[in-house]
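Visitor: In case you want the letters, here they are:
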Amino acid sequence: MTDAPIRSRLDSDTVRNALLHVFLYGLAFLMAVPYLYTISRSFQPNELLRDPRPYWIPPLVGEPVTLEHYQYLVNNTLVVEWTINTFVIAGGATILIVVIDSMIAFSLTRLDWPGQGAILGLILASFMVPYYMNIVPLYQIVSDLGLINSYWGVILPAAASPLGVFLLYQFFKDIPEEYEEAARLDGFSTFQVYTRIILPLAKPILSALALFMFVYNWNAFLWPLLVLSEQTAYTLPIGLVNLYQGNIDTPGLHMAVAILGSLPLFIVYLLFQGQLVRAVQMQGATG
Amino acid sequence: MGLTERFTGGADTTKRKTVAGFRKETIEGIVWSLPYLAVFAVFLVWPALRGLYMSLHTYPNKFDLSQTEWVGLQNYVELFNDPVFYNAMEGTFLFVAISVPLLVILGLVMALGVNKNVAGKRTLRAIYFSPYVLTVAVVTLVWVQMYSTSFGLINYYLGFIMENPPGWLTSTNLVMPALAFMTVWWLVGFNFVIFLAARQSIPDWLYEAAQLDGAHGWRAFKDITLPQMRNSVVFVVMVQFILQFQVFAQPYVMTQGGPKDSSDTLVYYLYRSAFSQQEFGYGAAMGYVLVAILIVIAIINFKVIGDSND
Chain A
13 MTDAPIRSRL
23 DSDTVRNALL
33 HVFLYGLAFL
43 MAVPYLYTIS
53 RSFQPNELLR
63 DPRPYWIPPL
73 VGEPVTLEHY
83 QYLVNNTLVV
93 EWTINTFVIA
103 GGATILIVVI
113 DSMIAFSLTR
123 LDWPGQGAIL
133 GLILASFMVP
143 YYMNIVPLYQ
153 IVSDLGLINS
163 YWGVILPAAA
173 SPLGVFLLYQ
183 FFKDIPEEYE
193 EAARLDGFST
203 FQVYTRIILP
213 LAKPILSALA
223 LFMFVYNWNA
233 FLWPLLVLSE
243 QTAYTLPIGL
253 VNLYQGNIDT
263 PGLHMAVAIL
273 GSLPLFIVYL
283 LFQGQLVRAV
293 QMQGATG
Chain B
-11 MGLTERFTGG
-1 ADTTKRKTVA
9 GFRKETIEGI
19 VWSLPYLAVF
29 AVFLVWPALR
39 GLYMSLHTYP
49 NKFDLSQTEW
59 VGLQNYVELF
69 NDPVFYNAME
79 GTFLFVAISV
89 PLLVILGLVM
99 ALGVNKNVAG
109 KRTLRAIYFS
119 PYVLTVAVVT
129 LVWVQMYSTS
139 FGLINYYLGF
149 IMENPPGWLT
159 STNLVMPALA
169 FMTVWWLVGF
179 NFVIFLAARQ
189 SIPDWLYEAA
199 QLDGAHGWRA
209 FKDITLPQMR
219 NSVVFVVMVQ
229 FILQFQVFAQ
239 PYVMTQGGPK
249 DSSDTLVYYL
259 YRSAFSQQEF
269 GYGAAMGYVL
279 VAILIVIAII
289 NFKVIGDSND
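In the order they appear, the protein sequences are chains A and B.
Terminal number for the first sequence in our numbering: 299, no gaps in between.
Terminal number for the second sequence in our numbering: 298, no gaps in between.
Next up, chain B with everything else stripped away, as it sits in the complex (with noise of 0.2 Å):
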């Protein structure tokens, strides 16, 4: 086979028009990908392999990024033997734990409870799914106003029935459910209409068949429901195990990770490193890290509710 014939594939030559010896349909192709494949290699390749780079250097000079000094893996050594890293590990596998079962949880809920026979259902889908559409600065500002202990509306009502409401966002033990909770007030819309689209697409004859042999309420959600939405459960399940091992702005606008660090994050400690410190090999190397904690996570995801049912 010729050259030209390998990029053309031979029996195509007769058909298309050759340029320099490459098929027209190869170079529209490449010049069709060409404007996006630029942005993705620049601001999204280049920075992933340019990252390894800098975790394995320091920067002697603040102010001047173009003075590198090699120092191995003396960024990650450091790393994991720092604690306040493992202090704001401790803090972001507790936000998760909490928000990630509630905001999976409560959409499955609410998507199975809508879909029933339901009056007004767009207008609960619309308050429903409302919140995702704030921007995290807004909700932010809203949630310290409302958690307020001077002032607040949560505590206002909580002095009804108790003495001495909590300081929600000043106890180290209440800081991290706090900010799970406003987390899954703002964010569980996302999964309510995922689920909710998933459950409209199970066909009814296989609950009117289910029904015959006399399998209605609990054995049906879990012979029929769950099975049927299974996809739906793992994409949501592990996007959100991505996003909220990423929570940065709610520690940074509520509680700069206070009280005595007991909201402190990964995520908002690279933010701290990096650009509060300059240190940017270790911020670089903490998200190497940051990857590699979410590999694991996605693997072992996929293990426990990937293959359950099979």
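The shape of chain A in the complex, shown without the other chains (with noise of 0.2 Å):
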């Protein structure tokens, strides 16, 4: 008779939780809904792509499946071009981040003199200026320089970014002083403190950074979109869209161009998700 109560609250609890599981698949369901829909219309052949009607995935028996899309872009558009200065861009920003965010990150944090204060009060202060603002007095500078459609004119003004100084400053900042105090008395100069004690350290936000940079600077759009006037310096965003404006009549290339465009992106997702997601945890923690 007792146990009466307990199984009714144990009951409403798998109710509770079975509705919980149903809400929280439900929702990965309709987030994933838009990858299906473009994965499936990327392979319909063109006389059906007026039919509004998704296919399923994997195609039902009898559908017809096509790989015109994929060939057009590759045959016909730049799009292999594309993702290469893509890469190089990314790549290049990311590189130049970590290298020099990390070098006044150690300055500010574990070498002492006057004035590194006032310089990272200017830094975080930067913070406030939205990146949206400075893009026309910006334009006219890197246009005076001469790095219109040139990678600098994209990668530098992307390195000028606080963010990385400001999380690297935050992790810096906490690793103990007797590391370094032991090495200096083993005679290890400045270089060799930060390429052999605080690098090592550091390798684990190092590298989310890093990461994180890369999908960020990939995935940038207005700024390229104004420095990269010339087709075979786009990268794959600003390609993406301009093969697509005009022409809304064509969803397969659209949606092959969308998984092109994606694909490399996306593995770097799978295989690295963990370091990505904590680098998006990190801002959120000291921020």
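Be careful, since some hints might not be right.
Straight-line distance between alpha carbons at most 20 Å, and here's what the computed SDA-like set of lysine to any residue pairs gives [what the hints assert, rightly or not]:
id: 1; chain 1: B; residue 1: K12; chain 2: A; residue 2: L197
id: 2; chain 1: B; residue 1: K104; chain 2: A; residue 2: L31
id: 3; chain 1: B; residue 1: K109; chain 2: A; residue 2: F41
id: 4; chain 1: B; residue 1: K12; chain 2: A; residue 2: Y37
id: 5; chain 1: B; residue 1: K12; chain 2: A; residue 2: I131
id: 6; chain 1: A; residue 1: K185; chain 2: B; residue 2: I18
id: 7; chain 1: B; residue 1: K104; chain 2: A; residue 2: D25
id: 8; chain 1: B; residue 1: K291; chain 2: A; residue 2: P126
id: 9; chain 1: B; residue 1: K109; chain 2: A; residue 2: F35
id: 10; chain 1: B; residue 1: K104; chain 2: A; residue 2: F41
id: 11; chain 1: B; residue 1: K104; chain 2: A; residue 2: A40
id: 12; chain 1: B; residue 1: K104; chain 2: A; residue 2: T26
id: 13; chain 1: A; residue 1: K215; chain 2: A; residue 2: T121
id: 14; chain 1: B; residue 1: K12; chain 2: A; residue 2: P126
id: 15; chain 1: B; residue 1: K12; chain 2: A; residue 2: S201
id: 16; chain 1: B; residue 1: K109; chain 2: A; residue 2: D156
id: 17; chain 1: B; residue 1: K12; chain 2: A; residue 2: Q128
id: 18; chain 1: A; residue 1: K185; chain 2: A; residue 2: Y206
id: 19; chain 1: B; residue 1: K50; chain 2: A; residue 2: D156
id: 20; chain 1: B; residue 1: K248; chain 2: B; residue 2: I115
id: 21; chain 1: B; residue 1: K210; chain 2: B; residue 2: S136
id: 22; chain 1: B; residue 1: K248; chain 2: B; residue 2: F73
id: 23; chain 1: A; residue 1: K215; chain 2: A; residue 2: M140
id: 24; chain 1: B; residue 1: K210; chain 2: B; residue 2: A198
id: 25; chain 1: B; residue 1: K109; chain 2: A; residue 2: Y37
id: 26; chain 1: B; residue 1: K104; chain 2: A; residue 2: R28
id: 27; chain 1: B; residue 1: K109; chain 2: A; residue 2: A44
Keep in mind the hints are simulated off the structure, nothing from the lab.
Put the two chains together into one complex; each comes in its own frame, and the hints tell you how they fit.
Guide: Written as structure tokens, this is what we have:
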């Protein structure tokens, strides 16, 4: 008799838990619908694209599948060149950011020099400057420097971002001084302290920052759109939009281009999901 | 105190070598900072200052920007009398008013759900976060097709339950909600993972103690979860305000601000002024006004959500 209320409570807990699962997985399915739709459309032959019905994935028996959209893109557009451009720009910006941000974070936390507080304050204050406010004068400056249509015209402004400095500063300042003092007694130079002590200790945060910056710069839109005006210099996001504008009626091509444009990063995402998530969570924790 | 000592901080003189009166560490500190500071100065600080200069000038010759003409505050005066500017501001506020609350609340609900005793947490996290790694170019490309009236997925299914599904991107009332909705799909994962980390760092004993006091469910959420997560909520709200306020690519790619300018936004208008009409002074002035608006919003945000629980 006494266990009747307990059982009913268990039952209501079970029901609740089941509902929670339905909600969370239902939401996950809804969020995945655009993916499924994109994949399915990109394999549909042109004559079927006017039909709004999506394919099931994998396609049911008898539904024709084609690679024509992908072939068209690889043969008739610069999508391969754009991928290479994007890779060079995102990779270059990432390397530059990790190197110079870790150097200044090292200098601000491990070296003692007059004015470092003011410099740090200035960098933090620049967080308040929204990126787009600067685009007009920045464009003039990049143009004066002759960097229009060059990789550097995209990479250098990206490297000015204070985000990495801030994250690394937070991390470096918590590394105990004892490590460094012991190394100094062993005759380590400043450079050796940086490369042999600080960098190895900071490896997790450096890789998280690198991954985040790579994704961020791979996806950048407005700035590359302004700086890269020649077709051959486009990054993927700019190229994709340029292909698309004007011909809304070729859904197969759009979807294939969307797949090609996101595939490289999706592979990165699947491989390094943990680090990327950590990079975002660090921003939340320190902000 | 002598000059050398003032630079070296007195007591340190004996410890470190000096070069031309500067402590070695000072020189090293500056050298190690210099690469970033150079990039920072040229590509962030200098444009911010130069923007002020540009906003006070016009450029009579669109092809030779070395010719400038001082006009004082004329660009700003013009801006505040510009109906296109106000229309773009309205569009931006509407977009922010729809997208930011959804982004925050949905992200919070997802995080609290996944934090419970759920099977397949990693799968859920992977799916929820995944749209965030897409470039906005891909997102807009896909959603133009999703929203398409003639062969889009959404209206295909809506067609089963209603007579005439609406034209999402062609109706002046629906276009901003439609753009905001797809933006929520794209970015909610960012908020979700931040909230999840914040929720996971709340120690269990707080809830156990509360349970002994008879507080669970809504009361536990209100008295423990929300206050403990306050920093991350403030952070997410601020970041999303700043980010969504600068919405550009969605109208630029999907609607060109239409129909009838109903999806125009401030950054899109700034882009057109400066880079289509070559009104550089005007564009720079608009950049400064954007910052002013954002600072006001930031202050209001801090006042409203920053202090409410003290």
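Visitor: All hints are to be evaluated individually against the structure, with a verdict given for each.
Guide: Here's how the hints hold up against the structure:
no.: 1; hint: B:K12 / A:L197; in the structure: holds, 17 Å
no.: 2; hint: B:K104 / A:L31; in the structure: holds, 12 Å
no.: 3; hint: B:K109 / A:F41; in the structure: holds, 14 Å
no.: 4; hint: B:K12 / A:Y37; in the structure: violated, 60 Å
no.: 5; hint: B:K12 / A:I131; in the structure: holds, 19 Å
no.: 6; hint: A:K185 / B:I18; in the structure: holds, 18 Å
no.: 7; hint: B:K104 / A:D25; in the structure: holds, 12 Å
no.: 8; hint: B:K291 / A:P126; in the structure: violated, 35 Å
no.: 9; hint: B:K109 / A:F35; in the structure: holds, 13 Å
no.: 10; hint: B:K104 / A:F41; in the structure: holds, 19 Å
no.: 11; hint: B:K104 / A:A40; in the structure: holds, 16 Å
no.: 12; hint: B:K104 / A:T26; in the structure: holds, 13 Å
no.: 13; hint: A:K215 / A:T121; in the structure: holds, 17 Å
no.: 14; hint: B:K12 / A:P126; in the structure: holds, 12 Å
no.: 15; hint: B:K12 / A:S201; in the structure: holds, 12 Å
no.: 16; hint: B:K109 / A:D156; in the structure: violated, 51 Å
no.: 17; hint: B:K12 / A:Q128; in the structure: holds, 15 Å
no.: 18; hint: A:K185 / A:Y206; in the structure: holds, 13 Å
no.: 19; hint: B:K50 / A:D156; in the structure: holds, 15 Å
no.: 20; hint: B:K248 / B:I115; in the structure: violated, 36 Å
no.: 21; hint: B:K210 / B:S136; in the structure: violated, 42 Å
no.: 22; hint: B:K248 / B:F73; in the structure: holds, 14 Å
no.: 23; hint: A:K215 / A:M140; in the structure: violated, 28 Å
no.: 24; hint: B:K210 / B:A198; in the structure: holds, 12 Å
no.: 25; hint: B:K109 / A:Y37; in the structure: holds, 10 Å
no.: 26; hint: B:K104 / A:R28; in the structure: holds, 11 Å
no.: 27; hint: B:K109 / A:A44; in the structure: holds, 16 Å
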